[in-house]
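Quick note on numbering: the sequence shown equals residues 0 to 237 in numbering that gives the first Met the number 0.
Read the hints as simulated data drawn from the structure, not as lab findings. A couple of the hints might just be wrong.
List of simulated lysine to any residue pairs, SDA-like, C-alpha gap at most 25 angstroms [to be verified]:
no.	residue 1	residue 2
1	K59	A40
2	K59	S103
3	K11	G80
4	K142	L188
5	K79	P67
6	K142	F152
7	K59	T84
8	K59	R78
9	K59	E41
10	K175	I104
11	K175	A55
12	K79	N51
13	K142	N164
14	K11	E41
15	K210	N164
16	K210	A55
17	K142	E129
18	K11	L33
19	K11	S66
20	K11	I104
Cβ-Cβ distance ranges computed for the label pairs, FRET-style [unchecked claim]:
no.	residue 1	residue 2	range
21	L82	V153	16 to 26 angstroms
22	A193	D133	14 to 24 angstroms
23	M21	A207	52 to 62 angstroms
24	E223	G97	11 to 21 angstroms
25	Q109	G80	18 to 28 angstroms
We put the CB at the ideal spot given by N, CA and C, even for glycine.
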Amino acid sequence: MPFEKLSAPSLKSLFVQQLQGMILSGELAPGAPLPCERELAEQIGVSRAVVNGGLAELAKQGFLEISPRQGCRVADYRRKGNLSTLIAIMDYRGGVLGRHEIRSILEVRQALEHMAAARAIDYASEAEMEALGDTVAALAGTKTHAEAAEAAFVFQHTLAVISGNSILPLIYYSFKPPVITLWLRFCRLYGVGALCRNTERLYSCLRARDKAAAAAWIDAYLGEAIHGSQQIYTEQEG
0 MPFEKLSAPS LKSLFVQQLQ GMILSGELAP GAPLPCEREL AEQIGVSRAV VNGGLAELAK
60 QGFLEISPRQ GCRVADYRRK GNLSTLIAIM DYRGGVLGRH EIRSILEVRQ ALEHMAAARA
120 IDYASEAEME ALGDTVAALA GTKTHAEAAE AAFVFQHTLA VISGNSILPL IYYSFKPPVI
180 TLWLRFCRLY GVGALCRNTE RLYSCLRARD KAAAAAWIDA YLGEAIHGSQ QIYTEQEG
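With the hints as constraints, model all of the structure from the sequences given.
Here is the structure:
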């Protein structure tokens, strides 16, 4: 069996991870100023190019605010962050999402799914509905949790595409990493069969062009995941 090559993280990656950890742990509070690039480079023992690139990446992730004249300060990432912030938090926690993040993602998904389903019922062609059915069949044929999570994403993304809204598929795709994580957890807790049944029932509502039934089912099964019998977080998670 072939093994993958191992590679050490770059100095920039190590620098980014160190600052992420200090910010997420609260050691560096929002508004706290950072030393200048030269001083940071001297303290850490790396080049200014490494520091410059790391600070730029952290700013892109929503953890820092960089001003040409005022220097660099820690940002309030919960207020000014973006999807890159969420993915960075997941990476920092080893791919684990906290209870608040999970609930928030599910609530956003619920709103988006209502929109995608209603528009698909109104605007999708019969051929597009049949293509969506193919993704349901592919999900039913999966054998592993990872395959099921990927297939479930394909179904949701295809639904967004056939909704006719050009921005909705982009939003769905941008949320792929955390959504895949949630489906993996769902499959581990409740099995691939439960994910298949939820998806098949939604598709049957879409295929029948029944908006009320689709909306009711979206609220029912996502409601179970948010606060019902199929939650994908535990009371111990923060």
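Each hint, compared with the structure:
no.: 1; hint: K59 with A40; result: holds, 20 angstroms
no.: 2; hint: K59 with S103; result: holds, 22 angstroms
no.: 3; hint: K11 with G80; result: holds, 21 angstroms
no.: 4; hint: K142 with L188; result: holds, 15 angstroms
no.: 5; hint: K79 with P67; result: holds, 19 angstroms
no.: 6; hint: K142 with F152; result: holds, 16 angstroms
no.: 7; hint: K59 with T84; result: holds, 8 angstroms
no.: 8; hint: K59 with R78; result: holds, 14 angstroms
no.: 9; hint: K59 with E41; result: holds, 24 angstroms
no.: 10; hint: K175 with I104; result: holds, 11 angstroms
no.: 11; hint: K175 with A55; result: holds, 24 angstroms
no.: 12; hint: K79 with N51; result: holds, 21 angstroms
no.: 13; hint: K142 with N164; result: violated, 32 angstroms
no.: 14; hint: K11 with E41; result: holds, 14 angstroms
no.: 15; hint: K210 with N164; result: holds, 17 angstroms
no.: 16; hint: K210 with A55; result: violated, 46 angstroms
no.: 17; hint: K142 with E129; result: holds, 23 angstroms
no.: 18; hint: K11 with L33; result: holds, 17 angstroms
no.: 19; hint: K11 with S66; result: holds, 21 angstroms
no.: 20; hint: K11 with I104; result: violated, 30 angstroms
no.: 21; hint: L82 with V153: 16 to 26 angstroms; result: holds, 20 angstroms
no.: 22; hint: A193 with D133: 14 to 24 angstroms; result: holds, 21 angstroms
no.: 23; hint: M21 with A207: 52 to 62 angstroms; result: holds, 54 angstroms
no.: 24; hint: E223 with G97: 11 to 21 angstroms; result: holds, 20 angstroms
no.: 25; hint: Q109 with G80: 18 to 28 angstroms; result: holds, 21 angstroms
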